[in-house]
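For the sequence shown, the positions run -17 to -1, 1 to 260 when mature numbering (1 follows the signal peptide of the UniProt record, and there is no 0) is used.
For the record, the hints were derived by calculation from the structure and aren't laboratory data.
You may find that some hints are simply not true.
What the hints assert, rightly or not - Quick list of in silico lysine-lysine cross-link-like pairs, DSBU-like style, CA-CA up to 35 Å:
#	residue 1	residue 2
1	Lys222	Lys159
2	Lys209	Lys108
3	Lys242	Lys51
Stated by the list, open to error - Restraint-style ranges between C-beta atoms, simulated for each label pair:
#	residue 1	residue 2	range
4	Val161	Glu54	26 to 36 Å
5	Asn182	Gly244	12 to 22 Å
6	Gln69	Lys209	36 to 46 Å
7	Lys74	Lys46	14 to 24 Å
8	Gly88	Glu232	30 to 40 Å
9	Pro87	Gly181	32 to 42 Å
10	Lys241	Glu148	35 to 45 Å
11	Gly72	Lys241	20 to 30 Å
12	Asp169	Gly246	20 to 30 Å
13	Ile243	Glu54	34 to 44 Å
14	Asp215	Ala133	21 to 31 Å
15	Asn67	Ser256	38 to 48 Å
Just so it is clear, CB atoms sit at the ideal spot from N, CA and C, and this is done for glycine as well.
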Amino acid sequence: MLSHFILVLATASAAAAQWSAMDSERHLRAKNKTTTAPGTAAPRGDIHSGTWPTSTGLVQYDKPYVVKAGETFDGGMKTYERSNVQCEGQKEGGPEHTVFLLEPGATLKNAIIGKNQREGVHCDKHDCTIDNVWWDDVCEDAFTIKGGTASSVTHVRGCGARHAEDKVIQHNGPGKVVIDGFYAQDFGKLYRSCGTCGNIQRQVAMSNVLAVSPKVSVVTINENFKDHAVLDNIRIENKNKATVCAWTEGTDGKSEPKKIGDGSKPGLCDLSSITEQ
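Make a model of the complete structure from these sequences and hints.
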């Protein structure tokens, strides 16, 4: 069993008690539809509070942990990272450099992804869910969605990420990503529809997001691949004057995509309730 992972810092009893209290408070608040508890998913209809969670322990794996199809992994708000992988900036990695690999229908919840990793979490097939997952220091990407069909849907609920040099969510496969409740701080792009993966149509629906200090855009999609972004109830602390929604001309990978526009455009970038500060 120890070959699968190395437990570096066990959860202290006091931290465990803290998590139990946080968990109870989360369910009570959800039931009563009140404000968000620290480190929990934002209630639907409310912009994410931006409160960063407190880790209850540290777990290091020596290979990616696979969450099997249809199963749920509850991380108990521990920090998870790799014992044998370190971030190498924007050097492209693969599934072998992830902390978690999610199979179709799998759910990862209540987890913090630590700095020692390159690819964070992968949904390499389709239809995954991440709920209350936080990336403490994004490396190449935080969350990557690769496989699926035009009807595939992946859900991102009440999550957060910070310090992403480039992308937070990388969408390479077809289908739709639904993001409801997200706190992003100091990042290049919160969502990027792959600009070099060929003619694949993608959709993103994003709501209840607090974006602090984006460098490039909140969302970037490809107009020529007929992508579609719907953004609602987004608050941006935009000291870098980043774009809310940008569109590029995607390629087959033989050249880099070129930005051709940004802003609101019906059927391409549909924006509502956007607040910039």
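Violated hints - listed by number, lowest first: 3, 4, 9, 10
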